[in-house]
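We have chain W already, so just place chain B on it with the hints.
Taken in order, these protein sequences are the chains called W and B. Per the numbering used here: the first sequence = residues 1 to 183. Per the numbering used here: the second sequence = residues 1 to 174.
I should point out that these hints are in silico values taken from the structure, not numbers from a laboratory. Since this is a predicted model, take the numbers as computed values, not measurements. For every residue, glycine included, the Cβ atom is placed at its ideal position computed from N, Cα and C. Any given hint could turn out to be false.
[To be verified] No more than 30 Å apart at the CA atoms, straight line, and that leaves these computed lysine-lysine pairs for BS3-like:
1) B:K100 with B:K75
2) B:K62 with W:K9
3) B:K62 with B:K46
4) B:K62 with W:K138
5) B:K159 with B:K111
6) B:K75 with B:K62
7) W:K71 with W:K9
8) W:K71 with W:K88
9) W:K165 with W:K155
10) W:K138 with B:K46
11) B:K100 with B:K159
12) B:K100 with W:K9
13) W:K9 with B:K159
14) B:K111 with B:K62
[Stated by the list, open to error] Facing chain W, a subset of chain B residues (Cβ under 10 Å, in silico):
15) G22
16) F23
17) Y25
18) A36
19) A40
20) Q48
21) H121
22) V123
23) T127
24) V135
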Amino acid sequence: MNSIDTQIKEYYQEQTLPEENLQSMQSPENFPRPRRWPWLIPLAAAAVLLLAIFSRQNSGLPQAVVAEIAKNHNAQLAMEIRSSDYQKVAAQLDRIAFPLIAPSEEFSRQFTLIGGRYCSIQTELAAQLRVRENTTGKIHTLYITPLTDDFSAVKETTQTLKGVKVRLWTEGDRFFGLALSLQ
Amino acid sequence: MNWFNKSGSQETAQFRELAQSGFRYALSLSHHHHDAEDLAQQAWLKLQRNGSSPIVRGPLFKTIRNLFIDSLRRKGIIEFETLPEEVLLAGAPTSEPGVKGDLDYLLGQLKAGDRELLYLHCVEGYTAREISGLVGRPRGTILSSINRAKSRLRELAAKQEPPSIPAAAKSARP
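So here's chain B without its partners, still in its complex pose:
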């Protein structure tokens, strides 16, 4: 620790951690690096202008989300439709096998809302109830949407995998 800049360095570390989280959340929504940078920066600017000090995670994420929805509306894209109440997948496995393939591509195939849920759940560690409070959807829907998004990722990964070649065929010579 630098004893001549103790409080400053702590604040800087907190700021950087929060700004990176905001950016990653924006990336989960837009799945586009530059759009995510703009979203994170615009949200930060908006909160600063509104006099929010210090800026904290909840309002930052909400502002990023609202800005993202506004940008979709401007483009005429309706992606955040209200989903029907779905059956809660009780007893869903907590540790599932991973997926093979290009995760960047696979995540890009999901809907923004599904990527958002996966980010909040897997990266930020939010509970379904916390996510429900942020995105304004019932907890049961959140849980089933998360499981559905993971299943979708696995389906996409399976489609990407090349068909396995039997060992005998590999070693066979013409």
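Only chain W is shown next, with the shape it has when bound in the complex:
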């Protein structure tokens, strides 16, 4: 027989909060926060306005990048090199000055490289890699470019534009975009 500790642990671990309770707890709109300092609102509005003026040039950057990636992805331009080896692709795309490797080991496990070509994102030289998701067989396009000051201000986001789902994120000193056609 299990120890009494184990029995108690198993007993409680079998008890679960129903899904509908979880859903209602997770919805932030169910929990409006009180306005503690109403006098701060005009001050905050002024600060936001100033910030908006100063960051105006960068405010549309994520949307611009998503639009550019979606457009490139839909164009399905021919690859300059076909290989499942990142090193071989990197050797061929020798104008790329940053490490041309997968974002992470996890990414490598989930996606197989098909090939790559040069491209640009917001005038920055970038690598455009075609990868296949191992579990679904779906073809994705991965964009890699150095993390410039502008790109470092872009927060991780996932957006859908023109039937293409695009995720933007950073890893180390590189900026990534992953695109998948939804149809």
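Just chain B now, with coordinates in the frame of chain W:
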């Protein structure tokens, strides 16, 4: 992993794990499924309204505990009395035999405070010192209360067990 919802799925998993822990802790106090659901949800709501973000385990458990004590006070039940300092049961066995019987029923026979200690110790893996910080009772009292609660469970289980029938009597025919 879904590469288009990476951070979101991590947050969701953390939220679900914490919400379930809060619910189970509330269940250890109330031993009533619906009351525990209400307690967990009310505590979550209270922390959200107070602007606690992200919600973490310690404040969640404390809020659940306070709400539970408030509900007892409203019902006029005084169960969380201050216990006298008891002798520390040094060298208590770490692996004890289990109990037979309906654990749900057996736990329901314990005081809420004792169930709470068993939950924090056996399920959450809190040390006596950590539990002491949460419930505001001396560490020695926590240790002896945990051992006493386990003994009580065993006593209750023994009472529930039907008397053993000798094998000879079982096979005997009229």
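Outcome of the hint check:
no., hint, in the structure
1, B:K100 with B:K75, "33 Å, violated"
2, B:K62 with W:K9, "21 Å, holds"
3, B:K62 with B:K46, "12 Å, holds"
4, B:K62 with W:K138, "47 Å, violated"
5, B:K159 with B:K111, "18 Å, holds"
6, B:K75 with B:K62, "20 Å, holds"
7, W:K71 with W:K9, "53 Å, violated"
8, W:K71 with W:K88, "26 Å, holds"
9, W:K165 with W:K155, "16 Å, holds"
10, W:K138 with B:K46, "44 Å, violated"
11, B:K100 with B:K159, "10 Å, holds"
12, B:K100 with W:K9, "15 Å, holds"
13, W:K9 with B:K159, "22 Å, holds"
14, B:K111 with B:K62, "18 Å, holds"
15, G22, "8 Å, holds"
16, F23, "4 Å, holds"
17, Y25, "9 Å, holds"
18, A36, "8 Å, holds"
19, A40, "6 Å, holds"
20, Q48, "4 Å, holds"
21, H121, "8 Å, holds"
22, V123, "5 Å, holds"
23, T127, "14 Å, violated"
24, V135, "17 Å, violated"
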